[in-house]
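Protein chains in written order, with the working numbering: chain A, 1 to 504; chain B, 1001 to 1132.
No wet-lab data here; the hints were simulated from the structure.
Source: prediction; values computed, not measured.
Virtual Cβ for every residue (Gly too), placed ideally from N, Cα, C.
Careful: at least some of the hints might be erroneous.
[Unchecked claim] A few chain B residues that face chain A, going by a derived Cβ cut-off under 7 Å, partial list only: (1) Leu-1084; (2) Ile-1087; (3) Ala-1102; (4) Gly-1107.
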Amino acid sequence: MIAIAAPRVDWYSIAPVVILVATGLIIVLFKAIARNRVRTYEPALVVGMMGLAAGAFFLMKQWSMVVDGGPSDAVAHMIALDGFSVFVGVVVVVSAILMLLLSTDYLAEHRIESRPEYVALVLFSAAGMLMMAGANDLIVVFVALEVLSIPLYVLAAYDRTRARSLEAGIKYFVLGAFSSAILLYGVALTYGATGTTSLAGIQNFLSTNVLVHEGTLIAGMVLLLVGLAFKIGAVPFHMWTPDVYEGAPSPVTAFMASATKVAGFAVLIRILYTALPQYSTDWRQLLFALAALTLLGGSIGALLQTDLKRLLAYSSIAHAGYILIGVQAGTVKGVQSALVYLFIYAFMTIGAFAIVVALGGRDDLHSIADLRTYGRRRPVIAALLAFFLLAQAGIPPTAGFIAKLGVFGAAAQAHSYALLIVGVVTSVIAAFFYLKVILTMYAAEDDGGATDDTCEPATEGVVARPSLGLPVATVLVVCVAMTIWIGVLPTIIIDFARDASLII
Amino acid sequence: MAHGARDGWAERGPSGPRRRRESGNVVIAVQHLSENWYLAFAAILFSVGAVGLLVRRNVLVMFMCVELMLNAVNVTFVAFSRALNDISGQAIVFFVLVVAAAEVAVGLAIIVAIFRRRRSGATADDIDLLRG
Chain A
1 MIAIAAPRVD WYSIAPVVIL VATGLIIVLF KAIARNRVRT YEPALVVGMM
51 GLAAGAFFLM KQWSMVVDGG PSDAVAHMIA LDGFSVFVGV VVVVSAILML
101 LLSTDYLAEH RIESRPEYVA LVLFSAAGML MMAGANDLIV VFVALEVLSI
151 PLYVLAAYDR TRARSLEAGI KYFVLGAFSS AILLYGVALT YGATGTTSLA
201 GIQNFLSTNV LVHEGTLIAG MVLLLVGLAF KIGAVPFHMW TPDVYEGAPS
251 PVTAFMASAT KVAGFAVLIR ILYTALPQYS TDWRQLLFAL AALTLLGGSI
301 GALLQTDLKR LLAYSSIAHA GYILIGVQAG TVKGVQSALV YLFIYAFMTI
351 GAFAIVVALG GRDDLHSIAD LRTYGRRRPV IAALLAFFLL AQAGIPPTAG
401 FIAKLGVFGA AAQAHSYALL IVGVVTSVIA AFFYLKVILT MYAAEDDGGA
451 TDDTCEPATE GVVARPSLGL PVATVLVVCV AMTIWIGVLP TIIIDFARDA
501 SLII
Chain B
1001 MAHGARDGWA ERGPSGPRRR RESGNVVIAV QHLSENWYLA FAAILFSVGA
1051 VGLLVRRNVL VMFMCVELML NAVNVTFVAF SRALNDISGQ AIVFFVLVVA
1101 AAEVAVGLAI IVAIFRRRRS GATADDIDLL RG
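Bound-form chain A, shown alone:
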């Protein structure tokens, strides 16, 4: 009889993940017991919201714990609890809450079956993202990546009656599985080179040993980077992004664009900064190329788009490039600016996709030319869309400016001047295509009467929506408020991110 010593589990450190998974399981069980006797979606939504609120509460508790007692780890050093994980966790939980608020009206309006499993899938995915934020071991990174991805494959294909949604699901699935396999091969090679999968263990090994043959480790690092670049949609590996973002239901797209990207960047930063700091000259070169390509590819791709949702998809690729500038800096200031950018980006993106939800329309298709009359017909929506596009372009009073300023500052401090120039040039290109949309909405008033008639058939068959639903309006108000608040008073969030990135 072999006695196996189980690791001591510090439940407090993993409370948010446990709560989200438990809530998801309760919802699935509730559905199984209730069958179709009662309405199940609304109770599931309420329970899911409560679960997310409880998760947020425990994240706040963890934050005060980290501030008082410093960083710690749990479950045999597999899960880290530090300011970084809490910061990312907060963004993920807030994104999930906003996403669920967007969903209710969207599902009803598009006559998509609203099942409690939808809420459960969001919770499972968010739990995977929280795991990812705290992953302190490469194998936890892999498991967390799958826990967050597998529910998202289902959510992308959730609208089973629409070919586009199914197509988004299968594309996301095939490329997601491909990137996971590449990442896993990177984990295997890193394990082979260093003899451990623990991030601290790898760093420890590399600081006390000099590898005679670096090839295995370098190959492992490159494969890890490629696998994560797929997840964050960086440019040579971005080809799935526009298709999946366009085909998936809009609230799911908002969630994928914000929370998934935040979790992907979190794990990228943690692996590079805690496990491989000795190789920073190598990975900084790789990230330099990745960032430059992503900035150029995202901006130029966005110029060519005629559909609003695809334009937002390409703009999210370009944003990944700006965040990579911060990561590439390789300094504490770089991590801080990347975290600030991620926080602001989450609200700007969810706000922009909330506008897509509010626009309604069959298949979520909104060619930019169709927006021509919106400045007059739906002034509030048009003004809000203009606001979010200006924020994404980085116009000063909004938070987008603070975000860009942060990463450019970090690049200048790290002497990455070439990347800084690429960033500024692509900002100008980006401003051009954002302004193009805004001008389309407001400028072409003259032929408004004619287009009104030609426009109507396209939106026929959709429930007319004279006013915004309360949940969508709430999301919009929150996103606008955060974007302006951080733009005017950025110190709070910058200090929060500084505390989070110093403890890493």
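Position chain B relative to chain A; hints supplied.
The following block gives chain B in isolation, referenced to the frame of chain A:
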């Protein structure tokens, strides 16, 4: 090959001690095959899977290619695990197997949903509404 080996056993069968020694030799012979061979095999398997995923048009075959890639990684883990004399590499394989099973379940469900909607077929060329 296997048949020949069995014949060999039968030949040496009668003498017990000798047979044990022979079997010991056989095991040692296998151990002399260095880990590099397994790693090279896994790398080839992984490449076959990756190339297959990119060039094949049938979605089911693409799934199999993903499985091929994951199992190539499993071979890598086990080979490294033996080379490093560290058990955790073999433990990781179980995580990978579980994840691969969950992934396939979801992927097949999506394929079935596509099949139900359009009975024509499930090649990648049919899935072309969204063009990146």
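Structure versus earlier hints - violations, ascending order: 2
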